[in-house]
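Enquirer: Read off the chains here:
2 protein chains.
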Amino acid sequence: MLFFRNNHNIKSYILSLHLEPHGYIYYDSSMKIGVYGLGRFGYFWSELLAGKFEVFAYNRSADKPCPENVKRCSRDELLNCDVIYLCVSISSFEKVLKSLSPDIKPDTLIVDTCSVKTYPASVMKSILQKDVSYLATHPMFGPDSGKNGVEGLPLVFCSGRCDKSVQQEWISSFQEFGLNVIEMSAEQHDREAAFTQGITHFVGRVLGELNLQSSEIGTVGYRSLLEIIEQTCNDPMQLFYDLQHYNPFNHDMRMQLMQSVDNTMHKFTDIDREESDL
Amino acid sequence: MLFFRNNHNIKSYILSLHLEPHGYIYYDSSMKIGVYGLGRFGYFWSELLAGKFEVFAYNRSADKPCPENVKRCSRDELLNCDVIYLCVSISSFEKVLKSLSPDIKPDTLIVDTCSVKTYPASVMKSILQKDVSYLATHPMFGPDSGKNGVEGLPLVFCSGRCDKSVQQEWISSFQEFGLNVIEMSAEQHDREAAFTQGITHFVGRVLGELNLQSSEIGTVGYRSLLEIIEQTCNDPMQLFYDLQHYNPFNHDMRMQLMQSVDNTMHKFTDIDREESDL
Numbered sequence: 001m002l003f004f005r006n007n008h009n010i011k012s013y014i015l016s017l018h019l020e021p022h023g024y025i026y027y028d029s030s031m032k033i034g035v036y037g038l039g040r041f042g043y044f045w046s047e048l049l050a051g052k053f054e055v056f057a058y059n060r061s062a063d064k065p066c067p068e069n070v071k072r073c074s075r076d077e078l079l080n081c082d083v084i085y086l087c088v089s090i091s092s093f094e095k096v097l098k099s100l101s102p103d104i105k106p107d108t109l110i111v112d113t114c115s116v117k118t119y120p121a122s123v124m125k126s127i128l129q130k131d132v133s134y135l136a137t138h139p140m141f142g143p144d145s146g147k148n149g150v151e152g153l154p155l156v157f158c159s160g161r162c163d164k165s166v167q168q169e170w171i172s173s174f175q176e177f178g179l180n181v182i183e184m185s186a187e188q189h190d191r192e193a194a195f196t197q198g199i200t201h202f203v204g205r206v207l208g209e210l211n212l213q214s215s216e217i218g219t220v221g222y223r224s225l226l227e228i229i230e231q232t233c234n235d236p237m238q239l240f241y242d243l244q245h246y247n248p249f250n251h252d253m254r255m256q257l258m259q260s261v262d263n264t265m266h267k268f269t270d271i272d273r274e275e276s277d278l
Numbered sequence: 001m002l003f004f005r006n007n008h009n010i011k012s013y014i015l016s017l018h019l020e021p022h023g024y025i026y027y028d029s030s031m032k033i034g035v036y037g038l039g040r041f042g043y044f045w046s047e048l049l050a051g052k053f054e055v056f057a058y059n060r061s062a063d064k065p066c067p068e069n070v071k072r073c074s075r076d077e078l079l080n081c082d083v084i085y086l087c088v089s090i091s092s093f094e095k096v097l098k099s100l101s102p103d104i105k106p107d108t109l110i111v112d113t114c115s116v117k118t119y120p121a122s123v124m125k126s127i128l129q130k131d132v133s134y135l136a137t138h139p140m141f142g143p144d145s146g147k148n149g150v151e152g153l154p155l156v157f158c159s160g161r162c163d164k165s166v167q168q169e170w171i172s173s174f175q176e177f178g179l180n181v182i183e184m185s186a187e188q189h190d191r192e193a194a195f196t197q198g199i200t201h202f203v204g205r206v207l208g209e210l211n212l213q214s215s216e217i218g219t220v221g222y223r224s225l226l227e228i229i230e231q232t233c234n235d236p237m238q239l240f241y242d243l244q245h246y247n248p249f250n251h252d253m254r255m256q257l258m259q260s261v262d263n264t265m266h267k268f269t270d271i272d273r274e275e276s277d278l
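The listed protein sequences derive, respectively, from chains A and B. All residue numbers for the first sequence refer to the working numbering, where the first residue is 1 and numbers rise by one. All residue numbers for the second sequence refer to the working numbering, where the first residue is 1 and numbers rise by one.
Treat the hints as calculated values from the structure; they're not laboratory data. You may find that some hints are simply not true.
Since the list can't tell identical chains apart, any single copy or any two copies may satisfy a pair.
Only pairs whose alpha carbons sit at most 35 Å apart, straight line, appear in this in silico DSBU-like list of lysine-lysine [claimed, not checked]:
no.	residue 1	residue 2
1	K71	K95
2	K64	K267
3	K267	K125
4	K52	K125
5	K267	K71
6	K130	K147
7	K125	K95
8	K71	K125
9	K267	K52
Can you build the whole structure from these sequences, using the hints too?
Expert: Structure below.
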């Protein structure tokens with residue numbers, strides 16, 4: 001069973017999708033989805049996908065737990081899947097893809113789930129063989145924000161090297177999970193993410209160093225400030241570094257932020273100087 | 001009527017408070033409350049107090065609107081009030097008090113409403129005649145946060161030079177408005193406010209310079225970040241300067257914040273340098 005759909009091609013993959021009379025799509029139950037990486041997100045993502053597909057998950061070390069509805073598999077079994085979702089850290093993405101690439105079968109679809117998009121898209125384009133398809137996605141949630149279900153949560157979908165109809169099927173499939181699918185280019189994602197996600201994580205880490213406490217005299221604004229720390233400092237530090245480093249627009253964001261900090265700080269240096277001159 | 005309770009003393013003021021059988025306090029309806037300053041907060045505060053007291057409001061210029069239930073008055077009429085709330089900017093507080101002080105009648109109670117506390121408390125202590133009482137308060141709300149009522153909103157109450165029983169009456173009175181009265185020393189307020197209100201306003205102004213927009217791919221954390229801007233940048237710039245300048249603990253907060261920004265920024269300078277060395 002596990003090897004049943006080995007070496008199928010894109011055409012058979014598309015044929016495995018059927019449209020019911022009212023437009024509801026279901027997938028050939030024999031289509032196998034692989035997930036590389038059982039970290040916090042990989043665990044969550046594979047468990048979600050297993051609600052609809054037959055899902056196999058591979059992790060380099062065997063110590064990570066695997067969801068009950070997902071089959072833990074070997075590297076070879078992963079490479080026999082029709083679609084492989086890569087759920088690895090941004091900084092290990094290139095290394096992982098390079099190690100997999102020689103063994104990826106033609107017509108396999110590789111999908112990344114990184115929180116930056118131009119970098120993994122360009123890595124996939126340069127490393128993957130021409131007969132391997134790829135898509136770039138950013139599921140903007142995880143086990144914390146999705147703990148009560150993923151209904152309405154955003155997933156950014158960047159078109160890649162992949163048959164249009166297959167892309168459309170995946171979009172529909174994500175929508176059936178209740179996700180809010182947002183289509184944009186990888187560059188558009190990163191440009192916008194620098195001044196949303198990037199700045200939030202940066203500010204969160206800055207504030208996280210200050211050991212701020214909840215306070216009886218905390219205002220609504222202060223509670224939002226604590227919320228930022230909570231939303232960013234629980235993520236692994238590696239994610240923070242990777243977000244800043246692999247989004248090409250984050251450097252500019254940091255420079256603008258630093259300039260604004262300097263401008264604002266300078267106002268008080270001036271006032272303090274005027275005071276001491278009096 | 002307006003001059004009826006002229007020159008009454010603290011004792012008569014206390015006697016004007018009556019305890020009903022079930023402990024409910026009501027005030028002598030002839031007790032006159034004055035409000036100096038009809039800015040956004042003075043307007044809001046005088047209107048609130050007028051729900052319980054006879055309130056007179058004075059503003060240096062006549063162009064500011066006055067709530068319907070409040071009587072606009074002259075400077076002399078204001079000085080005939082039993083209690084005078086000062087609703088002026090922190091930076092004009094000393095000047096206003098110096099100009100009023102020679103004409104403040106003995107046994108008048110002066111109450112400040114500034115967003116910092118050690119500074120106005122020390123100004124009142126040094127400027128006011130010994131026979132004039134004072135209290136320092138920080139109503140931590142305004143027309144925006146209190147637009148649907150003040151129930152549960154915090155008011156910081158710092159004991160001043162004032163008869164204990166009068167202080168207790170005011171605390172009870174604020175509680176009857178539904179306010180959450182928090183008693184603490186002026187120093188404790190400022191120390192805590194530096195790392196709640198002070199840092200929030202600083203971060204809000206830094207972010208406010210960056211022209212951030214709401215975004216389809218904005219996360220929960222990013223929405224909190226936009227919330228901080230909204231909660232701080234709508235206030236007058238003068239309040240921001242005053243908060244930073246007149247809270248003696250805000251300088252230290254800014255230094256710690258700057259250090260944390262530098263530490264966090266430095267991490268990426270190091271990474272960028274390592275990259276370019278490769």
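Enquirer: All the hints need checking, so say for each whether the structure fits it.
Expert: Quick rundown of the hints versus the structure:
1. K71 <-> K95: within (24 Å within a copy, 75 Å between copies)
2. K64 <-> K267: Classified as between: cross-chain Cα gap 30 Å, same-chain 51 Å, threshold 35 Å.
3. K267 <-> K125: between (48 Å within a copy, 30 Å between copies)
4. K52 <-> K125: Within one copy only: 28 Å inside a chain, 72 Å across chains, cut-off 35 Å.
5. K267 <-> K71: This pair counts as neither: shortest intra-copy Cα distance 60 Å, inter-copy 39 Å.
6. K130 <-> K147: neither (38 Å within a copy, 62 Å between copies)
7. K125 <-> K95: within (14 Å within a copy, 69 Å between copies)
8. K71 <-> K125: Classified as within: same-chain Cα gap 29 Å, cross-chain 74 Å, threshold 35 Å.
9. K267 <-> K52: Classified as neither; 57 Å inside a copy, 42 Å across copies.
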